[in-house]
Amino acid sequence: MSAAAIPALSVRDAHKRFGAVHALKGVSLDAFRGQVLALLGDNGAGKSTLVRCISGVHALDEGELLLDGEAVSLSTPAQARRAGIETVYQDLALFDNLTPAQNFYCGREISFPKWLPRPLRFLNAPAMDREAASVIDRLKVRLPKFDAPVALMSGGQRQAIAVARATVFARNVVILDEPTAALGLRESRKVLDLVHQLRDEGNAVILITHNMEHVIELADRAVVLRQGQKVGELKPDRANQQELVSMIVGAEG
Amino acid sequence: MLDTARQRDVSSGAPASGRTPSGAKISAVTVGLKMLNFGPLLILAVLVAVFALLTPNFLKPGNLSNILAQTAVIAIVAMGQQLVILTRGIDLSVGANLALATVVGGLVFRATDGSGFMVILAMLLAGTVVGLINGLVFVFGRLPHPFIITLATLSICRGLALQFSINNTTMRGMPDVVLVLGQTSAFGVPNSFYVVLGMALIVLVMTKYMVWGRWTYAVGGNPKAAVEMGVSVKWVLVSTYAFAGLCAGIGAVVLSGRTGASSPLYGTLLELDTIAAVIIGGASFLGGRGHIGHALIGALMIGVIRNALNLLNVGVFYQMIAIGVIIVVAVEADVLRSYLEGRARNQAARAQ
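Those protein sequences? They're chains H and A, same order as listed. All residue numbers for the first sequence refer to my numbering, where the first residue is 1 and numbers rise by one. All residue numbers for the second sequence refer to my numbering, where the first residue is 1 and numbers rise by one.
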């Protein structure tokens with residue numbers, strides 16, 4: 001793990017304004033392959049804005065994004081995903097009426113013939129089912145029925161499907177926005193296992209969470225945002241947990 | 001905080017220990033969902049059986065052929081409506097669109113000395129253009145819902161059809177090709193039924209085997225997620241409304257073939273018939289659920305009810321009441337389905 005080399009993703013001096021609101025005021029961070037970076041901060045600290053900028057939903061006003069050391073511009077979600085950045089949104093962005101495999105490939109279906117515009121191509125359903133099944137298998141996600149619509153599955157299963165979808169296509173960076181917020185203890189555990197695997201497969205993982213236990217357990221580094229600025233970066237452990245919380249709420253004095 | 005989480009976990013674990021009853025309930029819910037899926041077909045079968053018992057004429061080949069011919073126009077237009085409803089929309093303009101298309105066809109018939117090709121092309125084109133306008137204004141006019149724009153085009157199309165038809169009323173005459181499509185039969189089945197069959201085949205391939213179809217389901221299932229997953233939601237919607245317009249155009253060809261005429265009064269309340277067909281066929285009014293079979297079964301159900309009640313000399317008002325009652329049943333079945341799916345979801349969580 002030559003993490004000391006070039007970060008998979010670097011954000012340099014990012015600024016973002018929404019009208020009068022200055023949501024990001026010069027944030028910089030690095031995410032390395034094979035590491036979990038926790039992105040912490042109170043509500044309104046700028047975490048979600050930063051994530052949206054990285055995943056192509058918003059464009060930065062100032063500053064730059066570097067992938068493997070090269071400056072890139074990501075102005076649409078499709079571009080970000082083509083660059084190997086996958087995002088697991090807090091609301092999961094699943095299609096209740098589609099099966100897990102159909103969810104996996106929605107928007108980038110395996111299809112033929114290539115010379116037709118994408119909407120007019122024919123679906124290669126067997127290939128998608130096969131690929132999706134192998135990923136589900138590899139990630140040890142247990143689903144009751146593979147050909148049932150996602151609507152029939154539990155919160156944990158749905159979360160696992162959303163995370164697994166990201167793993168199919170992630171080649172560089174995976175961003176998880178509060179992946180355990182709505183889950184019970186056992187279901188959270190499964191999702192955290194998936195985060196482990198994503199990291200072990202060589203992705204740079206950015207994890208947004210309010211759960212300090214998860215941060216200490218999973219994260220190699222933690223970046224704390226407050227009011228659109230980076231106020232700290234450290235390696236989280238039991239000893240500095242209190243310090244971390246103080247940074248988040250702004251009480252370190 | 002951790003403690004409460006642990007407590008919750010323990011308490012939610014408790015019901016799972018009673019393993020056999022929870023397993024039995026899962027199958028009951030699954031069976032219920034399966035039944036609902038086949039419900040419309042079941043109701044249709046029951047209706048046919050009951051009508052066959054009540055009136056011996058119902059099952060005669062001549063009458064069955066009649067039903068198919070009477071159902072064809074609703075079925076064709078309902079297929080377009082079904083796709084629109086699938087994407088969480090509604091198209092109120094299809095009936096007026098059909099009327100305008102027949103009038104355009106009738107005018108072209110007079111202008112081209114009866115060229116069948118030109119008349120059919122004109123009707124299909126007229127229908128598609130109106131659908132395209134619906135889609136473009138809805139999407140790029142940033143309207144929150146297609147109800148208003150399609151209501152507007154309903155009014156506009158009906159007005160145009162009345163204004164530009166000769167003497168503002170029905171115009172006799174259609175080219176032979178169109179008459180053959182609408183009036184004659186092959187192998188004992190009306191030709192219009194083959195049009196329905198061909199359309200159904202095309203729509204089936206588009207929705208089940210093409211990326212476009214998958215995207216219409218995605219847009220209907222979760223429009224926000226579709227954007228995030230890189231689906232071009234706007235063009236999916238525009239093309240869906242354009243296709244619904246094309247279906248109205250094809251319906252216009254069949255209807256003017258059957259009547260040998262074009263009229264600005266055709267297709268009155270057809271929008272409601274097609275919406276009813278889609279819903280009583282079993283598609284969800286909330287979008288994302290349903291397939292072409294639903295539109296066809298629903299259209300056939302409406303045709304069967306009207307035909308049989310006619311044979312039984314039941315007044316047309318009672319037909320309206322009967323169809324209304326079936327709509328209520330269908331919508332409640334959709335509600336029940338959502339409820340059962342919620343139950344299934346809870347059971348899946350507990351089974352873990």
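Keep in mind that the hints were calculated from the coordinates and are not lab data. Just so you know, not all the hints are guaranteed correct.
[To be verified] Selected chain H positions facing chain A (in silico; Cβ < 7 angstroms):
1. 93
2. 95
3. 107
4. 109
5. 114
6. 115
7. 117
8. 118
9. 123
10. 124
11. 143
12. 144
13. 146
14. 151
15. 153
[As the list claims (entries may be wrong)] The list that follows gives simulated cross-link-like pairs (lysine-lysine, BS3-like), each with its CA atoms no further than 27 angstroms apart:
16. H:145 - A:34
17. A:208 - H:145
18. H:190 - H:140
19. H:145 - A:234
Cβ coordinates follow ideal geometry from the N, Cα and C atoms, glycine included.
Now for the hints, and whether the structure bears them out:
1. 93: Holds. Min distance 4 angstroms.
2. 95: This interface hint holds because 4 angstroms falls under the 7 angstroms limit.
3. 107: holds, 4 angstroms
4. 109: holds, 5 angstroms
5. 114: Since chain A brings no Cβ nearer than about 12 angstroms to residue 114 of chain H, farther than 7 angstroms, the hint is violated.
6. 115: The hint is violated - residue 115 of chain H has no Cβ within 7 angstroms of chain A, the shortest such distance being about 14 angstroms.
7. 117: With a minimum Cβ separation of about 9 angstroms from chain A (threshold 7 angstroms), the hint on residue 117 of chain H is violated.
8. 118: holds, 6 angstroms
9. 123: For residue 123 of chain H, the interface hint holds, since the closest Cβ of chain A sits about 6 angstroms away, which is under 7 angstroms.
10. 124: violated, 10 angstroms
11. 143: violated, 9 angstroms
12. 144: holds, 6 angstroms
13. 146: Constraint on residue 146 of chain H not satisfied, violated at 13 angstroms.
14. 151: holds, 5 angstroms
15. 153: Result: holds, 6 angstroms to nearest chain A Cβ.
16. H:145 - A:34: Holds. Residue 145 of chain H to residue 34 of chain A sits at ~15 angstroms (cutoff 27 angstroms).
17. A:208 - H:145: The given pair, whose Cα atoms are some 20 angstroms apart, holds under the 27 angstroms limit.
18. H:190 - H:140: holds, 9 angstroms
19. H:145 - A:234: violated, 32 angstroms
Taken one by one, the earlier hints fail for this structure at numbers 5, 6, 7, 10, 11, 13 and 19, listed in ascending order.
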